[in-house]
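Read top to bottom, the protein sequences are chains U and V. One point on numbering: in the working numbering, the residue at position 54 of the first sequence is 91, and numbering is uninterrupted. One point on numbering: in the working numbering, the residue at position 425 of the second sequence is 457, and numbering is uninterrupted.
Some hints could be false.
Said to hold, decoys possible - Computed footprint of chain U on chain V, listed as stretches where at least three residues anywhere in the stretch have a Cβ under 8 Å from a Cβ of chain U: (1) 106–114; (2) 303–315.
What the hints assert, rightly or not - Here are the simulated SDA-like cross-link-like pairs (lysine to any residue), alpha carbons at most 25 Å apart as the crow flies: (3) U:Lys-82 x V:Thr-316; (4) U:Lys-82 x V:Glu-222; (5) U:Lys-82 x V:Ala-432.
For the record, the hints were derived by calculation from the structure and aren't laboratory data. Every residue gets a Cβ at the ideal spot worked out from N, C-alpha and C, and that includes glycine.
Residues per chain, in single letters:
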Amino acid sequence: MVGAVLSGLTLAGCAGEEQEPVSVGLITKQEENPYWVSMRDVAQKTADELDVDLVTATGTSDTDVASQEAALADMVEEGVDGILIAPTDPVALLPAIQEARDAGVVVIALDTPVHPPEAVDAFFATDNEAAGRLIGEYAAAKADDLRLDPQVAMLNLSGNISSGELRRMGFLEGFGLTEDDPAIVASVDTRGDRDNAAVVMNQVLAEHPDINVVYTVNEPAALGALAALEDADVDLDEVVLVSVDGGCRAMREAVRPGDIDATAMQYPQNMAREGVRAIAAAVREGEAPMGFLDTGTELVSDDPMDGVESRRVEFGIRTCWGS
Amino acid sequence: MATTPKDTTERSAPLVARHLRVPFILLILCFAAWGMAANLTDILVGVFRGIFDMSNFQASLVQFAYYGAYFLLAIPAAFINARYGFKTGVLVGLGLAAVGGFLFIPASNLLAYEMFLLALFVLAAGLSILETSANPFVIGMGEEASATQRLNLAQSFNPVGANVGVLMGAILILPSLTPEESKTIMSEDELLAATESDLGLVLQPYLVIAGILVLIWLLIAFRKMELPSAPTPVDLTSGRGGTLARLWANRHYRYGVMAQFFNVAAQTCTWTFTILYAQDVVGTSPGEAGWWLQASLVLFLISRFVMTYLLGIFRPALLLLVMAVFGVVCCLTSIFVLNVVGLIAVVAISASLSLMFPTIYGLSLQGLGPDAKFGSAGLVMAILGGALVPIVHAAVMDAAGSALGYIVPGICLAAVAAYALFVLKHTRPAVGAASARA
Chain U
38 MVGAVLSGLT
48 LAGCAGEEQE
58 PVSVGLITKQ
68 EENPYWVSMR
78 DVAQKTADEL
88 DVDLVTATGT
98 SDTDVASQEA
108 ALADMVEEGV
118 DGILIAPTDP
128 VALLPAIQEA
138 RDAGVVVIAL
148 DTPVHPPEAV
158 DAFFATDNEA
168 AGRLIGEYAA
178 AKADDLRLDP
188 QVAMLNLSGN
198 ISSGELRRMG
208 FLEGFGLTED
218 DPAIVASVDT
228 RGDRDNAAVV
238 MNQVLAEHPD
248 INVVYTVNEP
258 AALGALAALE
268 DADVDLDEVV
278 LVSVDGGCRA
288 MREAVRPGDI
298 DATAMQYPQN
308 MAREGVRAIA
318 AAVREGEAPM
328 GFLDTGTELV
338 SDDPMDGVES
348 RRVEFGIRTC
358 WGS
Chain V
33 MATTPKDTTE
43 RSAPLVARHL
53 RVPFILLILC
63 FAAWGMAANL
73 TDILVGVFRG
83 IFDMSNFQAS
93 LVQFAYYGAY
103 FLLAIPAAFI
113 NARYGFKTGV
123 LVGLGLAAVG
133 GFLFIPASNL
143 LAYEMFLLAL
153 FVLAAGLSIL
163 ETSANPFVIG
173 MGEEASATQR
183 LNLAQSFNPV
193 GANVGVLMGA
203 ILILPSLTPE
213 ESKTIMSEDE
223 LLAATESDLG
233 LVLQPYLVIA
243 GILVLIWLLI
253 AFRKMELPSA
263 PTPVDLTSGR
273 GGTLARLWAN
283 RHYRYGVMAQ
293 FFNVAAQTCT
303 WTFTILYAQD
313 VVGTSPGEAG
323 WWLQASLVLF
333 LISRFVMTYL
343 LGIFRPALLL
353 LVMAVFGVVC
363 CLTSIFVLNV
373 VGLIAVVAIS
383 ASLSLMFPTI
393 YGLSLQGLGP
403 DAKFGSAGLV
413 MAILGGALVP
423 IVHAAVMDAA
433 GSALGYIVPG
443 ICLAAVAAYA
453 LFVLKHTRPA
463 VGAASARA
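Just chain V, with the same shape it has in the complex (with noise of 0.2 Å):
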């Protein structure tokens, strides 16, 4: 394959701007917080399943809540950022989240799944707002040339998080759990105890992240920051109007939004079912497969690291073709080859997976200047996909088994690749370029 450097402008400015390195590490941890919290609740699925003795589409009814929390807040967060700045929308949204951590205590008193499902509900609407503010103002801690790359480094943390989310429910939840052969020996009041349990142990890890929010909030709360100002936009559209129509008549933009729709999804569905999988089709023990899914994470993070070094070298674009393509094989094979075998290519997913979300990012709202506010609003909502998609794989489950759930993965892995396709044959000018023009 015929490498292309990337066309940039050379690059002599810092990574991030000296004088905002300490407030760039406070906001890599709140990166770590919310991949923390969001991959705990991959973990959820599979044990809500099995506590509550559920269907599939069900249990996959708290990724619904979760990133429909992420859908409807994205929206109130951009005027919150507009509003009152991004260092406001972070406190907010590490507070709210703060607070739907702490929810989990009644829900695990009262034993009841829709408490669960508001206290995840309130928990993912903070890290939405949190996710607003953060990205654009990781963004704009440096020159916006360097702002995918800086970027991915700031997001490589959040499979940092991630992989302490998983670690935290493989020791604390999932080797704990009530044996499933177990309960159908159980009496009713035995299988109440076995709930109990179960839930409690759900409930320390949220315990932990609620406590975590806490502390960082703190440390922001009492740290001055300023934000360089933005660079000068260029106007890449024809049309005159409103952000929103700027923003709808550019067709970057525009299928970035959808190709983000569809990557969230994807993340979503392969990491929520992995434990299912691994347990459905391979046979693993609980324990072991939240082993499994520990695996995807770390090649998630190392990959994410592999990668941000790889976009120095190759055009984001084509390296976003070629990761796509390879996880529509990988999530073909899962479908086919019903052993462990299998189970590795699940796990590889997650390789193809981690450039995508900040790639697409960084190629959506390249040139946007000020509408990045609003426009990186739309790309949270993308996140929707999270919310959605989960469900039909989930359904796919129900109906046809574990491995073909693997399909719905692998068709928005495509999606992906054909918006990779599109960006590669359809460049724009560079930042600057058509100023000049002008």
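Okay, chain U solo, but in the shape it has when bound (with noise of 0.2 Å):
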């Protein structure tokens, strides 16, 4: 008796009306990222909630251009109806978008940008300064909360990589700091790599062991930045290091033990989702995406500070990205 209520509840809410037919193209860089695999794998549920078909590609490296062109011509060849791209490169791969949307394609950038910004339809990502501004304030409130004179190291991207770039002017506008201030001893590059921020790192604490706050323009190389940290037997307690990325592994091995203090969540399960709903939406109801839209950010924190908003980590926990 209760099967039966149970079946007739369950195929009653899979019957509905026939939709238009919908066929959306995702392009990630490539797979070994858990953030990639995220966005795919979220990708491909909202497309069955909505019943629409999503085709995937990826590329090899977070610098291979040619896949990406490549999957590009494939898939408008294929006659989808938008294209979700997450570029490797901001210019390199304009001309096949180009002409993806003069075949009537709608192409939206996810989680980097291309410049110009016009080159897309549209632009779904975090606010990248907004979480370098709240990873700032969060550090400086605990840096003033543990009364540190601040020595603050800077690990960031790598050359003038938007992301990088708008979340280390965020984490400097948020912590109260201008680009020559004194406080900041050093600023290097970790190509958000982990191994590349622990030898920097270890490069770092040599000439300046009394560094007690670090940015992180991510979790690996905030990962690295710790180890190196832990080498040097620096006691943990008395340095402030914050990031931003929202990772599952590190938010079970370093935030949920107070190692790294305070990270700004990203989203990539927003961007996907949003993505594939706007496409549907521009098909099915002409509604066509435009502009910028920030696909979210929240400051998760085991050691919450007065004053500045922040999440438990156990939100973190439900909400981060990968496994």
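Mind assembling these two chains? They're in different frames, but the hints should get you there.
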């Protein structure tokens, strides 16, 4: 009896009006980083819910332009209605993107912008400056709470990659520092890589052993910095280490135990979900996506500071990306 | 460990009197129905926490409303039974519970948490009357010597219903809830729409439960039932006075009520916060967390049948002690091991819980005769543990994290172990032996 009722309710939920078919392409950078895997998984789940056909492709690295160019061309050939792409290069992919748009395909950039921004229909990403500002405010409050005279190490991304620059600028603003503030004793590039970060942090600690505030552009860099701090027998209770990302591994291994004092979360899940929805809405309801969509950021810490809004680590565990 | 066969009189009579087998089956449906409702409520704490963006403490008021109703209605239920009989009590309980289920309709339209608490209160009020009536009804359906085993058998179907309740939550509610991270970028209108959608999901299974309760009501209402006369009571107390005085003077009963309080507390806490532990500590999705709770209930169900068998071999109090200690160990594991192993330990607590309610019930009421009617009310009132202690568990979670919250059921299970130890050390005469000496 109960089984019949349950079946009925489930089937009733499945039945519905037939919708106009929609096909969406998703092109990520690579499959090694769980960030992109999460993005693909949520895109697929959303596509299933909306009865949308999802086609996926990926590059072999964060700099693989050729694979993304080929994927763009293939998807246009297949007749997709829209393409979601996390571009490996902000400029080199523009010709392929323009060809897709000329063929009537809606193109939305995810996570990483293109230059100029108008080269795509819309851009869905984290407000990286806001994320940096959140962790800057937190770091300042915590340093104040610990009565530290800030000696700040900045572990940046590399070159002038926009996401890294925006986070760095946001952190400075949130902390209350200027570009040439004497409190900044070191500013180095890490390429967002854990091993690189460990190496450069070791070098920085050798020159400035009194570092007590560490800004890291992402969690792999934070984990590398953490390893270097531990190798140098630094008392982590006297160091404020902050980052941006929201990956599950770092959340469990470093944020929950308090080794990373706070992190600003990103949501590739929101990028994927909103991207699929936007293309479906463009086809079925004629609502073309445009402009920038902030896909959200939340500060997570196991040690909240007065005056700085943050969420508990358990929120981070529930909403993190990766596994 | 040395095994000691149960010290009981030989049982040649059937477990259930022959002419009461069909009514017994109908009562089994009642046990299943209230298991379904109770365990669906366990899911609601986590669901409402997400929908209304509230603290664990606030969300745990769901259990306060549910089990608070059980507590408040236990005495009135006993009066209904004493005045009008067990069948009337069962029908009143089923009817009131159905009304509570249907109250979810206005609750989901109003989008008010308080309204859901009211609906749960009414639902639980009916189920309290149902349980207060059904348990002694089952005890009276055969020989007193086999009462514990008969009650265990009947109550074995309670986890069947519980599993169906959790299954409904795992299929109909949890996987379809609005993802928490998506709410971080929603406008006010979008958040309202998401709330409406999520509360609509909550409504569906409660309508199913209300429908089932109405059906069982109809089946029982039109069935003639006769209860066998109660066995000759054994006076186990030295004091004179009314029922309450006799009951209070009986240490097996008095401590049994306390043990039942802690058992219900441990059970409610464990199942209520399994989903939250899975999400907060291990990071599962709400849908996956539902399946972990389902695993708990399946384990509970299987263990209940296994324990029913083992109760025919071992002393109930000994088995109770062993399983309570096992439960404490599982709680400690869940506190200190913050990964899937801790979650498995949370699930394993259900094996320890499986025999506790009917065993404590049977041990407490043994030899009470007509005092069993009010005695059972006292034991049902021990369900207050399910109202009060989850709030404490939630407060610990809010203060110290979801893993450390499991210290609360750990302490409760230690109290149950203490009761089992007391019963082992203070045996009482078997039914009939005191009469022979007199």
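Holds or violated: Lys-82 of chain U and Thr-316 of chain V, Cα atoms, limit 25 Å. Status holds; Cα separation ~16 Å.
If you look at each residue in the stretch 106–114 of chain V, do at least three have a Cβ nearer than 8 Å to any Cβ of chain U? violated (count 0)
Can you confirm whether the C-alpha distance between Lys-82 of chain U and Glu-222 of chain V stays at or below 25 Å? holds (20 Å)
Can the stretch 303–315 of chain V be counted as covered by chain U under the rule of three residues or more with Cβ-Cβ separation shorter than 8 Å? holds (count 5)
Measure nothing beyond the straight line between the CA atoms of Lys-82 of chain U and Ala-432 of chain V; if it is 25 Å or shorter, mark the hint as holding. violated (34 Å)
When each numbered hint is compared with the structure, violations occur for hints 1 and 5.
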